[in-house]
Structure formats: structure tokens, C-alpha cells
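J.: Here is what each chain is made of, one letter per residue.
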Amino acid sequence: GAVVSQHPSRVICKSGTSVKIECRSLDFQATTMFWYRQFPKQSLMLMATSNEGSKATYEQGVEKDKFLINHASLTLSTLTVTSAHPEDSSFYICSARSLAGDISYNEQFFGPGTRLTVL
Amino acid sequence: RKEVEQDPGPFNVPEGATVAFNCTYSNSASQSFFWYRQDCRKEPKLLMSVYSSGNEDGRFTAQLNRASQYISLLIRDSKLSDSATYLCVAFTGFQKLVFGTGTRLLVSP
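Keeping their order, the protein sequence lines are chains A and B.
Residues 1 to 119 (this note's numbering) make up the first sequence, in order.
Residues 1 to 109 (this note's numbering) make up the second sequence, in order.
These are calculated hints, taken from the structure and not from any lab test.
Don't take each hint at face value.
Said to hold, decoys possible - Simulated crosslink set (SDA-like; lysine to any residue; CA at most 20 Å straight-line): (1) A/Lys-20 to A/Ala-2; (2) B/Lys-96 to A/Phe-67; (3) B/Lys-42 to A/Glu-63; (4) B/Lys-45 to A/Val-3; (5) A/Lys-64 to A/Leu-76; (6) B/Lys-45 to A/Val-19; (7) B/Lys-96 to A/Val-62; (8) A/Lys-41 to B/Gln-63; (9) B/Lys-42 to A/Ser-5; (10) A/Lys-41 to B/Leu-106; (11) A/Lys-14 to B/Asn-12; (12) B/Lys-42 to A/Val-11; (13) B/Lys-2 to A/Phe-67; (14) B/Lys-96 to A/Glu-63; (15) B/Lys-96 to A/Thr-31; (16) A/Lys-41 to B/Arg-37; (17) A/Lys-41 to B/Thr-101; (18) B/Lys-45 to A/Phe-28; (19) B/Lys-2 to A/Leu-46; (20) B/Lys-45 to A/Glu-107; (21) B/Lys-42 to A/Lys-66; (22) B/Lys-2 to A/Pro-40; (23) B/Lys-45 to B/Gln-63.
All values derive from a computational prediction rather than experimental measurement.
Input sequences plus hints: build the corresponding full structure.
T.: Dropping the structure here:
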């Protein structure tokens, strides 16, 4: 199956710093990548949809200036959490949809996630 | 009201038991449905798609009832390795997947 990687897998940072998370599709091209956040014992919540070469579309309630998304190529999207605070501590997961994917069936391949802890 | 609702559990069952999970969705325009499995601190992995006609994959059977906006997952002959959280997911169009909070299953020896 298609493989999606994320880096780093785990990060601990101080409050006020910025953290960049990378999401890569390793063996396929992804026109669309998705960023999710999951708090303990809660469901995955879509934060934004990232399309290669265009601006990301953010879900309601997600601050675009705080969560910067860049999808510069068909295999890489990055999420930067700017001026991180303890309440941003969460499990961030990306997913990618294959360029060849049938748009009527949204098969997404998930990365292994990045666990962010802000002190 | 959440768009996809599940009983969080946990469901504690012995090995070999049959267990069923239910899920309801509120958006009648949802197009497709899936069950994902998520292990602790890992990403979700697709278990199976759900069709109105019902579909079976080994010990797993999924069913969709569009009239009642209800989805089910049946696991027969539970194994220890089935212990995980099972996520009910709706594809609402616009490329979006909406996840339920998950139902936790614990299979004991």
C-alpha cells in the first residue's frame, strides 16, 4: 500500500517556539494532503486541507496564522505550529490522497503521526 | 450533536467472543462509510469499507442502514490482537472524512 511518513515522530518544545512537522508521500504523488489533530480520548479532527501549489483550506475554528501549511510539491506538505502553547500539545496526523485516486472515493493514506508536547 | 457518534466503550470481551459496535451519523448526504482501527498512539488504519448490501472480510462484517443512518461492525471469534479502538468514519464529500470518537475494544485471555 501507499506509504506516508511524518517527521518528527515526537517533539517537545518550550512555549512560544515554533515547530515544523513534515508529511511526505513516499511512493506516490499526492495532490491533496490533510492535517488532523487528535486530543486524548477524542476523535481525529480535520484542521486543514492542503492542495499542492495553492493555499490551504482551514476548517472553522482553526487559526491559519497559527498553523501554517505549505504544500510545495506533490510529495511534501509541512505544518508549522507558530508560537506554540501548552494547549497545542496534541497528536498531529497527516494523510495524503493519491493523484490517481478516484475523487468519488476518498482513500486517504495516513502518516504515523507526530506527538507534540509544549512545556 | 456530533456528526458521527459512537459508544466509547470500553467493551471487555474474552477471546473467542463475538462483539458488535454501532455508529450513527447525522449527515444524510454522507456518501461512503468506513471502519478504521487505531492502536494506542498510532495512526488510524483502514479496516474495511461499509456497503448497504453488507460486506464481510474474514471475521469482520460491516453493515450500513441508510434509512436509519446507522452503521455496524461485527467481530467474530475475537483475538487478543483485535484489542484497539475502532473508528467509524463518514465521507461527506468535498474530500472530507469525519471520524467518530471511536469504540475501545479489550479482548482478554
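J.: Enumerate the violated hints, using their earlier numbering and listing them in ascending order.
T.: Failing hints, ascending: 1, 3, 6, 8, 11, 13, 21.
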